[in-house]
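Peer 1: Residue numbers (this note's numbering), protein chains in the order written: chain A, 1 to 324; chain B, 325 to 648; chain C, 649 to 972; chain D, 973 to 1296.
Hints are not guaranteed to be accurate.
Claimed, not checked - Straight-line alpha carbon distances no greater than 27 Å define the calculated DSSO-like cross-link-like pairs of lysine-lysine that follow:
#1 B/Lys469 <-> B/Lys483
#2 B/Lys469 <-> A/Lys145
#3 A/Lys159 <-> D/Lys1131
#4 D/Lys1117 <-> D/Lys1131
#5 C/Lys807 <-> C/Lys793
#6 B/Lys483 <-> C/Lys793
#7 A/Lys159 <-> A/Lys145
#8 D/Lys1131 <-> C/Lys807
Unchecked claim - Computed from the model, here is a short list of chain C residues facing chain D with C-beta under 8 Å:
#9 Lys793
#10 Asp841
#11 Asn854
The set of hints was computed from the structure by calculation and includes no laboratory data. The structure displayed is predicted, hence computed values, not measured ones. We put the beta carbon where it would ideally sit given N, CA and C, even for glycine.
Residues per chain, in single letters:
There are 4 protein chains.
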Amino acid sequence: MSPDATSNRQPGFGDVAHLGHIELLTPHFEESLTFFLNVIGLHASGRSGDSVYLRAWADYERFTLQLTRSHTSGLGHVAFRVRSASVLQQMVANLHAHQVAGEWRPAELGHGPAFRFFSPDRHAIELYYETERFHGTGELAPGYKNMPQRYIPSGIAPKRLDHLNLLAQDIRACRLFFRDLLGLRVTEQIVFDGNNEMGAWLAATNKSYDIAFTRDHSSAHGRFHHLTYMMDSREDVLRAADILTERGIAIETGPHKHSIGQTFFLYFYEPGGNRIEIGSGGYLILDPDWQPVVWSREERQRGQAWGLATVSTFHTYGTPPTED
Amino acid sequence: MSPDATSNRQPGFGDVAHLGHIELLTPHFEESLTFFLNVIGLHASGRSGDSVYLRAWADYERFTLQLTRSHTSGLGHVAFRVRSASVLQQMVANLHAHQVAGEWRPAELGHGPAFRFFSPDRHAIELYYETERFHGTGELAPGYKNMPQRYIPSGIAPKRLDHLNLLAQDIRACRLFFRDLLGLRVTEQIVFDGNNEMGAWLAATNKSYDIAFTRDHSSAHGRFHHLTYMMDSREDVLRAADILTERGIAIETGPHKHSIGQTFFLYFYEPGGNRIEIGSGGYLILDPDWQPVVWSREERQRGQAWGLATVSTFHTYGTPPTED
Amino acid sequence: MSPDATSNRQPGFGDVAHLGHIELLTPHFEESLTFFLNVIGLHASGRSGDSVYLRAWADYERFTLQLTRSHTSGLGHVAFRVRSASVLQQMVANLHAHQVAGEWRPAELGHGPAFRFFSPDRHAIELYYETERFHGTGELAPGYKNMPQRYIPSGIAPKRLDHLNLLAQDIRACRLFFRDLLGLRVTEQIVFDGNNEMGAWLAATNKSYDIAFTRDHSSAHGRFHHLTYMMDSREDVLRAADILTERGIAIETGPHKHSIGQTFFLYFYEPGGNRIEIGSGGYLILDPDWQPVVWSREERQRGQAWGLATVSTFHTYGTPPTED
Amino acid sequence: MSPDATSNRQPGFGDVAHLGHIELLTPHFEESLTFFLNVIGLHASGRSGDSVYLRAWADYERFTLQLTRSHTSGLGHVAFRVRSASVLQQMVANLHAHQVAGEWRPAELGHGPAFRFFSPDRHAIELYYETERFHGTGELAPGYKNMPQRYIPSGIAPKRLDHLNLLAQDIRACRLFFRDLLGLRVTEQIVFDGNNEMGAWLAATNKSYDIAFTRDHSSAHGRFHHLTYMMDSREDVLRAADILTERGIAIETGPHKHSIGQTFFLYFYEPGGNRIEIGSGGYLILDPDWQPVVWSREERQRGQAWGLATVSTFHTYGTPPTED
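Okay, chain A solo, but in the shape it has when bound (with noise of 0.2 Å):
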């Protein structure tokens, strides 16, 4: 199919098939990827040149956390897979249709040939859709044969990646990038004051985000606020509030549920100052017409689903971290 005829195809709801792995910088890296597998209970399954690569129990593919050693901290890269080649191809030709700019990358660990690209607030993005998946032997061999491997009890031991936060400075151009050009699915939105949009969260699956643009208080660009491991049940999240807690790791919120994606949540920092989100729980988007849910100043106001007030340092920490 050359490329010329794929290009008047536009995206649609399923193009992208789920977010698959993210890059994280840190400037401490022996004490992130310490606490990444011994805190949070993550597996290391490779290592290349700066980074070792990481995956929860039930994460079907190779890795979905790469770790990079930096002299910095935020978001390396996000990379979401595609549902088919040639729906990769088609996706790469409607993106040069729009004037996006970006390169083909090599295939490295874990994955094949990954076609990079720019937020419109500059987070690095790649596409890719040949991958290598994760069969555990050994120790890791599963017990159920649906999953990758068995599930170790060490640690939180989250089951899988579930979404990444990203701050930005223009929320709408980020949503009508995701929406247009992606084909995801725009699921809940704040927006202040008729139309200052403050917060976008858009899915690739029937989840009900897979990523979300919130305002970036700062005047920085291609920030990073968190990505978020997900568990089986609120009991877990709260059993990682124990274990985080004894562990001295100060805990910047919850545990609570969100109004907007009705998730159980927790949040801390990682060694290398990225804040991490253990999560649990949400709605299943089934409407294949969902119209997106539009929160104003005022619902915001009333803090999280159960009333605790927004934490001030989750509007304005991101990673790295700046200056103004």
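With chain A's structure known, arrange chains B, C and D on it following the hints.
Peer 2: Same frame as chain A, now just chains B, C and D:
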């Protein structure tokens, strides 16, 4: 777009958006209705002819269960919502092209025109697109604006309809019909001795299944095994077990965990004799190229996930009951 | 047995068997009653004079909450059940011997004669032994024969009364009174700057507390801080948070975990203005020589178990309200 | 106080403070030890002779399980902590007065002198008062100052020892022995046909039981049925089921709910052949005059709380195994 043109498009994953509703027949209508309202905790949202229409608190459509007065028990019909009006037309054209007989039925309570046809095992199936969304008012006005109504803490109070299981003589025929003509994804299978298909689980969404077929050990056709309403947590399923037990309602099997689908389950019969499951959990399928997980006779003989022997009635009892 | 003889026996741990019931005053009687019945899900088990008597489904006595119409809010009285008739006589004799004024009150609805006296902060306290046990019949007939009635899944539906917290000017006096004259075990304390007692938790059972005293920051006496009904799981407390929120009832603080007692909590006000807690969990004390755990100002300033700042109203609001 | 004087005091409820520890014999010592450390997640706190001493993270004493290398499986001894030194002397004097033979054993690892005697079914029982409390340091330093150590999220990680169940020929004799000579409260019983005692549950605390006796269907004496470590939630028990299943360890029965005691359970065998239960929940007994709940043959034939048939090995298998 002309039917001729559209008939060439093969159904793909996502074309059927989700399981919409199930019509359940009951020879004890009043007792069944009281049970679904007071013990299960569904909400009545309409009445027409011999039917009362019901829904769980988070179901977005007008109804997910149509309870119909009848001389017998079993399935009236099952309906799936298609993702758009044009895809519905394409899908019907494709069914015609494959010699599947059926007929259009006019709009009725809660949804628009539906195309009705039969599964290879003679279960009545409908496809529809236009639907009526539910927006709770008064006592049911939602406390969270991303939910269709508020949660009313009365009875078991499940969150949403999840799936159904139909008995069939020819599992392979049903599996291929739903995969090839309706675009569902085959997620798990039971195959005895290498080629004897005993069960098939299929999904229209990222859930691990929306419909299942299991082998009917009688010679009957078109029988119903169970339908499932879902809770947010396993604790909720355990709570349901107490509610049922204290009401004197025998639990057929469970609470326990399925190996297939990894869901937590509990089965019992409503007064009309139809089997109902209250479930929770399971896994999401993100991989667009998911390969079906196939379970052998030996693996199934190990029982459910934690070793509970599959109860014999699970293999023999369906509705309507048979004499063989 | 003569009072003279019995007065020589010092009360020991276990002599007070447990917290029996709490009389709560409300200036909005009908609203309060409707709230306890429909939102909390308590059961009415009697009516007498200006009071309605209520209980949770697993409370073994006729009632645990006496709701009384009044011009104000706050504590009517709190009653403890003593472990035998003779121990009750001994305990009263000992109170007399220690110049604690009080008077016997005749049997009333649900229990036998009670001796009423006042705490050092002028809270009315009763001791009684004879009691009426509740045995559910009809709709309330227990499904499990070791329970007094069946669990009715309506509203929050707590399992049992757990404890109460009273405000006081002199925490030390209240602590020593309950320890030395009633035989309770001091389990945890807040002591600022080495000798400034801010709170005391005491237990009559293996639970970590049945009554607590915390410092009243107003100059009032005899005020009430909260009473607590208990759930079987933290999931149930989270469910209660949704029930309250969707009813428009503000949650004062929580759900979160107390450092003290390790219980999971949620606080709100009933329509009469009294603070109510829905809780779960905690630890059992098995050690007969348990030494009180003492928390300093610095430790308390870290907030609750997972870091939630203690809400300011928690320190200032009690019932009846005051002007200072 | 002279033994003569003290022997006149009858033991009362509360004199035995709680179950202290259990010595378990194993013919596969290394495998058993590895299992208790790595799968169950207990902590080793001492080693002496042929024994390793273990405890759960919230157990306040030096140990609750003494695992001893032996040629067989079964109970070494069970020890109860008495509430004071003088009550211990009185209780021993009273045992002598009732012709119960026994002997004082010197202080050993973790506790002071103990008086050892035998149950009517020849189980070795010890009473002690002096004990060594555990205070975690380093990695085990508690994060909450009311806990003896921090929770280490590895393996099943139960919270504390809860109870044990012993097989016996004469249930009535064991029941009266523990009630009349040790002061325990009889909480529940199984009595077939009006006078055939099949089981007895007794408590030293507000829990619904600390020890149980059930009928040995073999002709052996002194056999062990199971011991139980407790989790904070039923979710934790379900998590344990996955941990065991994925390790290939067969679950004998459960997870399910006991009618007796209302506890949530899960049973399996450690490598030495002894049956272990992981449990959660249950009810507290506050009533000082609690009357035993008696279950008939017909009631027991209904199975466990939610209808699960009691597994046959539960009636026949104890340790050490027998040939009849």
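Peer 1: Given the hint that lysine 807 of chain C pairs with lysine 793 of chain C, test it: the Cα-Cα distance must not exceed 27 Å.
Peer 2: holds (16 Å)
Peer 1: So, asparagine 854 of chain C near chain D? Judge it on the closest CB pair being under 8 Å.
Peer 2: With a closest approach of 4 Å, the asparagine 854 of chain C hint holds.
Peer 1: For the pair supplied as a hint, lysine 1117 of chain D and lysine 1131 of chain D, confirm whether the alpha-carbon distance does not exceed 27 Å.
Peer 2: holds (16 Å)
Peer 1: Verify the proposed pairing of lysine 469 of chain B with lysine 483 of chain B, using a straight-line Cα cut of 27 Å.
Peer 2: Holds. Lysine 469 of chain B to lysine 483 of chain B sits at ~16 Å (cutoff 27 Å).
Peer 1: Regarding the pair lysine 483 of chain B and lysine 793 of chain C, is the alpha-carbon distance no greater than 27 Å?
Peer 2: violated (31 Å)
Peer 1: Would you check the hint for lysine 1131 of chain D and lysine 807 of chain C, treating anything up to 27 Å between C-alpha atoms as holding?
Peer 2: Roughly 22 Å separates the two Cα atoms, so the pair holds.
Peer 1: If you draw a straight line from the CA of lysine 159 of chain A to the CA of lysine 145 of chain A, is it 27 Å or shorter?
Peer 2: Holds - the C-alpha atoms of lysine 145 of chain A and lysine 159 of chain A are around 16 Å apart, at most 27 Å.
Peer 1: Given a cut of 8 Å on the nearest C-beta pair, is the interface hint for lysine 793 of chain C held or broken against chain D?
Peer 2: holds (6 Å)
Peer 1: Decide if the proposed pair is consistent with the structure: lysine 159 of chain A and lysine 1131 of chain D, CA atoms, cutoff 27 Å inclusive.
Peer 2: holds (23 Å)
Peer 1: Need the status of pair lysine 469 of chain B, lysine 145 of chain A: alpha-carbon distance at most 27 Å?
Peer 2: At roughly 39 Å apart (the allowed maximum being 27 Å), lysine 145 of chain A and lysine 469 of chain B break the hint.
Peer 1: Does aspartate 841 of chain C pass the interface check with chain D, least Cβ-Cβ distance below 8 Å?
Peer 2: violated (18 Å)
In this structure, the earlier hints numbered 2, 6, 10 are contradicted, and the remaining ones agree with it.
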